[in-house]
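> Take a look at the letters that make up each chain.
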Amino acid sequence: MRKFLMSTAAVAALFAAPMPMAHADESVEVLHWWTSGGEAAALDVLKKNLEAQGVTWKDMPVAGGGGEAAMTALRARVTAGDPPTAVQALGFDITDWANQGVVGDLGEVADKEGWDKVVPAALQNFAKHDGKWIAAPVNVHSTNWVWINKKALDAAGGKAPESWDELIVVLDKMKANGISPLGHGGQAWQDATIFDAVVLSLGTDFYKQSMIDLDPAALGSDKMVEAFDRMAKLKTYVDKDFSGRDWNLASAMVIEGKAGMQMMGDWAKGEFLKAGQKPGSDFVCIRFPGTQGAVTFNSDMFMMFKVGDDKKKAQLQMAADIEDPAFQSSFNVVKGSVPARTDVPDTAFDDCGKKGIKDLAEASAAGKVFGSMAHGYAAPAAVKNALYDVVTRHFNGEIDSKAAAAALVEAVAAAKG
Amino acid sequence: MADLTTTAPRAVTNPRATMQDLLPKLVLAPSFAVILIFVYGFIIFTAFLSFSGSKLLPDFSTWVGFGNYVRLFNHPNWITALKNLAIFSVLYIVVCSAIGLALAIFLDQKIRGEGFLRPIYLYPMALSFIVTGVAWKWFLDPGIGLEHVMQSWGWESFSFRWIKDGKMAIYTIVIAAVWQSSGFVMAMFLAGLRGVDNEIIKAAQIDGASTLTIYRRIIIPLMRPVFLSAFVVLAHLAIKSYDLVVAMTDGGPGTATWTPALFMQKFTFGRNEMGMGAASAIIMMMMIFTIIVPYLYSELGGKKK
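Chains as they are written, first to last, in the working numbering: chain A, 5 to 421; chain B, 9 to 313.
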């Protein structure tokens, strides 16, 4: 028996041994979940840049929206002691990995190119760990956007709402006009995306206390009950088949004029542009009423893992290429987001993109850039998902607003424990 | 494995017999070792994990005792998952067995075209639960599926929107699962029916028993082992149910259709709560063992003598 086990181990070792040697040349292995059309095209730009510099790109795509499958694949790779060079990652996932002590150090290239000065401070909280650059941010998505069908808005008075009350007036008119006012998909993260904006509309301080500091007093406050009441109000404007719908189908409803507006991050813009719509004339982009001046963001970053010296050079090259202003511009024009550095000219962007860049700069100067709870930039995954549970249960009418606020306090406390 | 050495002396007297003795053990050894490590080894590993404070990656430096189990049973989603499991497994097992038995009895009436009908009923089993889930999700979706079609055919008041209703959604999963599995249960029962001794049935007929009585008093009681097998197969499928739920509702609307397996996956890999995920996996394993162990005992225990 023992002999058998030993020989099996020997055979397994034989198979395993040649693998690390196979890619000793200059290459980067990149784990990501950008597999859909626009995203893949955007990433292709980076790949071509690197290949022009003699670095081979080993693609390791793991499809699946929020990257959950990719993170599972990553776990296996890291546990096996063979992490990829770079991994697309979000928010607290980066911090969690950094705490495991498996990430690399980009200090060399970051110092040389002065990232400290050009990357917004809110992003640095995640891209740096213990003062070391560990990830290269690709973009900044802001999530407190509303995308409105221009025709539907004109029929409902033509003025884009700037406050909660104005929003309700417009939604009511759209309802009276016989369309479903709010295009929405009933998935937990989409409910939470709206919830982010609703909480932010009740005050930036309130957002910070409740979503970022996770202060139990704020989470259970009357204001939180009001936030849930607003969610319940918004629920009355979605059509009855909303449950389970993907976000891009909800965008399609707005594009086709079946729905009036969608509250979604700026990736939704890609859907409008793909359908040949023009910002300003076919659709209107505004900040969620009452949140102009503040931004809730999420940012795609490439987290760099500890690699052998033979791969270090290629890794730094890739990081430098990501932060290259020309790449930042061309990538983000395609992706719908805005550049992760503040010194990129906005000339190539459309009106919504220009507004996004301006808003971010303003909010950044005023210290009103906050991590999005719904997208993992306000709290770790356990807390985020605990909030998802409460928000989605409330949105689906399982609990009322008072109970939801109370459940939120409890769920967050349990998830932190 | 221990008798590998004790057989050695016999090799001198009769190498061929030794070879015959040794060969089955040699052939079995690899699979035995693999199962030992990859099934039982990892069960022990998971049990250790469930007592550790593991979050993102396995972490054996902090021990929390039964902390993960306490948090598990205080978590509303786990309670929802257990309730759903109760509803799902009871309905799934009962309805599948009833439909399977009925189909088997009807097919057993020596009807024409049995060879044609049998595969039709059995066919859903050839599909993966993901395919079944996606198909039923579309079929039951009020916007594009059954309700929409009925209304466009003129039955305006027709309404069937269980899949969008948190209270009823778990029943739509039962419907899809029953559709998938009842053909398989039918095949099991059909084999059982064919195994019943014709002489007994003839004797009963001579005694004047009606067909109904023959089924009720003779055939069905004789098929007790088949019922047991069907129960075990269906019960463990129910506890493991994951892919069907993911494809149909992904736990929604809200958290209405969470099942224990979904909970395990989401907590371990999505929420970086590996300790709690492991605890839920251990609870699921205990549920399966309470079903499988008595079954194996009753099936294998008697024959060994």
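If you're looking for bench data, these hints aren't it; they were derived computationally from the structure. Backbone N, C-alpha and C define an ideal beta-carbon position, used for all residues, glycine too. Do not take every clue at face value.
Unchecked claim - Listed next, the in silico DSSO-like pairs over lysine-lysine satisfying Cα-Cα at most 27 Å (straight line): (1) A:K244 <-> B:K33; (2) B:K91 <-> A:K406; (3) A:K239 <-> B:K63; (4) B:K91 <-> A:K310; (5) A:K212 <-> B:K63; (6) A:K237 <-> B:K175; (7) B:K145 <-> A:K420; (8) B:K63 <-> A:K132; (9) B:K91 <-> A:K420.
What the hints assert, rightly or not - To spell it out: a stretch of chain B is covered by chain A in this simulated footprint if at least three of its residues, at any positions, have a beta carbon under 8 Å from a beta carbon of chain A; those stretches are: (10) 143-153; (11) 186-198; (12) 204-213; (13) 231-239.
> Is the hinted pair B:K91 and A:K420 satisfied, with a Cα-Cα distance of at most 27 Å?
holds, 25 Å
> Would you mind confirming whether the straight-line C-alpha gap from A:K239 to B:K63 stays at or under 27 Å?
violated, 35 Å
> Would you mind confirming whether the straight-line C-alpha gap from B:K91 to A:K406 stays at or under 27 Å?
holds, 24 Å
> Hinted pair, alpha-carbon criterion (27 Å max): B:K91, A:K310. Please report holds or violated.
Given that 27 Å is the threshold and the Cα spacing comes to 45 Å, the pair is violated.
> Go check the segment 143-153 of chain B versus chain A for me, would you? Three or more residues, Cβ under 8 Å, otherwise it fails.
holds (count 4)
> Taking 27 Å as the top limit, are the C-alpha atoms of B:K63 and A:K132 close enough?
Within the cut-off at roughly 21 Å; holds.
> Residue count check for the segment 186-198 of chain B against chain A: does it reach three with CB-CB under 8 Å?
Per the Cβ count (0), the hint is violated.
> For the pair we were handed, A:K244 and B:K33, check the Cα-Cα distance against 27 Å.
The hint is violated at about 63 Å.
> Checking one constraint from the list: CA of B:K145 to CA of A:K420, max 27 Å. Satisfied?
violated, 35 Å
> Can you tell me if the segment 231-239 of chain B counts as covered by chain A, using C-beta to C-beta distances under 8 Å and a minimum of three residues?
violated (count 0)
> Starting from A:K237, check that the Cα of B:K175 is at most 27 Å away, please.
holds, 21 Å
> Hinted pair, alpha-carbon criterion (27 Å max): A:K212, B:K63. Please report holds or violated.
holds, 25 Å
The structure does not agree with the numbered hints 1, 3, 4, 7, 11, 12, 13 stated previously, though it agrees with the rest.
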